[in-house]
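There are 2 protein chains.
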Amino acid sequence: MAVYTDVAADDLADFLKSYDVGELLSYKGIAEGVENSNFLLHTSKGAYILTLYEKRVAADDLPYFLGLMAHLCARGVNCPQPQKNRDGEVYSTLAGRPAAIINFLEGMWPRRPNVMHCAGVGEALAKMHVAGRDFPLVRKNPLSVDGWHTLLEAAGPRADTVQHGLFNFLQTELDYLTARWPGDLPVGVIHADLFPDNVFFLGDKLSGLIDFPFACNDLLAFDVAICLNAWCFEQDYSFNATKARAFFNAYNSVRQLTEAEQKAFPLLARGAAIRFLLTRLVDFLNVPEGAFVKPKNPLDYVRILRFHQSVASMADYGVEAPKLPA
Amino acid sequence: MAVYTDVAADDLADFLKSYDVGELLSYKGIAEGVENSNFLLHTSKGAYILTLYEKRVAADDLPYFLGLMAHLCARGVNCPQPQKNRDGEVYSTLAGRPAAIINFLEGMWPRRPNVMHCAGVGEALAKMHVAGRDFPLVRKNPLSVDGWHTLLEAAGPRADTVQHGLFNFLQTELDYLTARWPGDLPVGVIHADLFPDNVFFLGDKLSGLIDFPFACNDLLAFDVAICLNAWCFEQDYSFNATKARAFFNAYNSVRQLTEAEQKAFPLLARGAAIRFLLTRLVDFLNVPEGAFVKPKNPLDYVRILRFHQSVASMADYGVEAPKLPA
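The listed protein sequences correspond, in order, to chains A and B.
The first sequence begins at 357 in the numbering used here and counts up by one.
The second sequence begins at 357 in the numbering used here and counts up by one.
What the hints contain is simulated information worked out from the structure, not anything from laboratory work.
Just so you know, nobody snuck in bad clues.
Any copy, or any two copies together, can satisfy a pair, since identical chains are not distinguished.
Within a straight-line C-alpha distance of at most 30 Å, the following computed BS3-like cross-link-like pairs (lysine-lysine) qualify:
hint, residue 1, residue 2
1, Lys-561, Lys-373
2, Lys-411, Lys-650
3, Lys-401, Lys-561
4, Lys-411, Lys-652
5, Lys-440, Lys-483
6, Lys-411, Lys-440
7, Lys-373, Lys-401
8, Lys-483, Lys-619
9, Lys-496, Lys-619
Owing to the predicted nature of the structure, the values given are computational and were not obtained by experimental measurement.
Same shape as in the complex, but just chain A:
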């Protein structure tokens, strides 16, 4: 939530000369993205987002992230369209940083998701999974089982300063998941971070998916589990079966979860919970003194994880069993 690098108007106007985006009319730093600098541009051709990538690691993955958005756009998924410069490149350099321009998507993310929103995101997620099938690049998910072990080591016994006994709880859960994590489910491109603030709506109609810096190749149903956790729990962490039903039905209407995916789902949902629990825990333990940004409470996801630990099958979600493919 910041702008780390300012850009002079002249420099930006020069940069834009190598793009076919029209004349620059204005640009504003926007309070989005925790690791990059983002600007909303108005030009004679429309609105765009300019991102300056502040970290080297992200830059190495830019061909994947930007290539994926272009691939998805070409297949009718509503997501930002990376703009190519006159050399055909989707990113180049501005203010000493890798920089990319994507078109601006109108829409608002739902602060209070309702059942219609949950259905919308289920359908859009499935369409993204289908459209990603023939994307040629591959990026391993750094935040799957191996990554969770690294995160738990980084937190270490300090985890108990957040909640008594948390380290052992996580160690036990991680051992359980590691021993059982499935290796034979359908894989493909996943968004891996499709929280409400990354999904735009105009009214109840989904207008676009944004923010792909966690996208990677992993189990498709793991992405579904991440979304279920992000969209179908209330603020008091009660599970909303009506939203879940709408979400699953919409997903299955585009891409039917296989029998194996359904069987594994409670386990995947536990993994999806521990993934965010662990990154939030490490962030929480490493907040700089007097930092501006308040870290998210890692314990929110302890409650979601405990819920899934009590679930044995899809039926326990109160979700009607999706029809299996014939």
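We have chain A; now place chain B onto it with these hints.
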């Protein structure tokens, strides 16, 4: 440079129903304004800025600030146009805060002002002074001589932790200015903060003046002096006489500085320097531990102040004496 209050899409859409600004398409928190929350809105009718006023003091002055912008717009000054709701009010309440909507001005503020920019701001400032003549509301300048004394007391001997001897230097200067501050020069509405980041250009052409929270009634030539300091010194604090000449000539082409204003100008420029020196000094001495925003260096203005102390008359600025009115 922050968004302090988030607003839910539903709440914002409800709020906008009482305005004639079209259907909401998107809104982004923008990294501008240090005391308020600002959002850039796209609607079916165009682009707007929504401001949530976070401090009570600002709210008390809203009728002045918003009324002034409407007054200036009506007289052809390019500044944001406050939008009235169906009750005819230019501000109401959103998320528990006073909130106003102004139209969005295209344009970019010059990070490296050139001579053309300086001429543009001189002309626009004079037009604003002329257009403000019949504005009926009055707001005393809280940052004139009385306010400077309050600020110096707030800083106190801690000023010397910034630079050895600074407190005595400021006390002596303040006594000098207080004894001589003119009371008989032309007064009117002044912007009082017309720095480059508050002036938009498209190319070399000025497209608008923004950000009126310091606007008040005071000596018009004091506003000219604030601008001279903000626009006509280089980054090494050398005085650029070419820019100053362009600035004064453009101002005088619309509203000729009187003989008395010209005589008083070096003194007014010293006052304009100490005003920003003192607010920056107090901010600098009161930065919260670990704050996100880096305070501006108050010593920048010591150098500008020392320059003006060496000036005896307009001619010493290297500026050709403006023609006096017949």
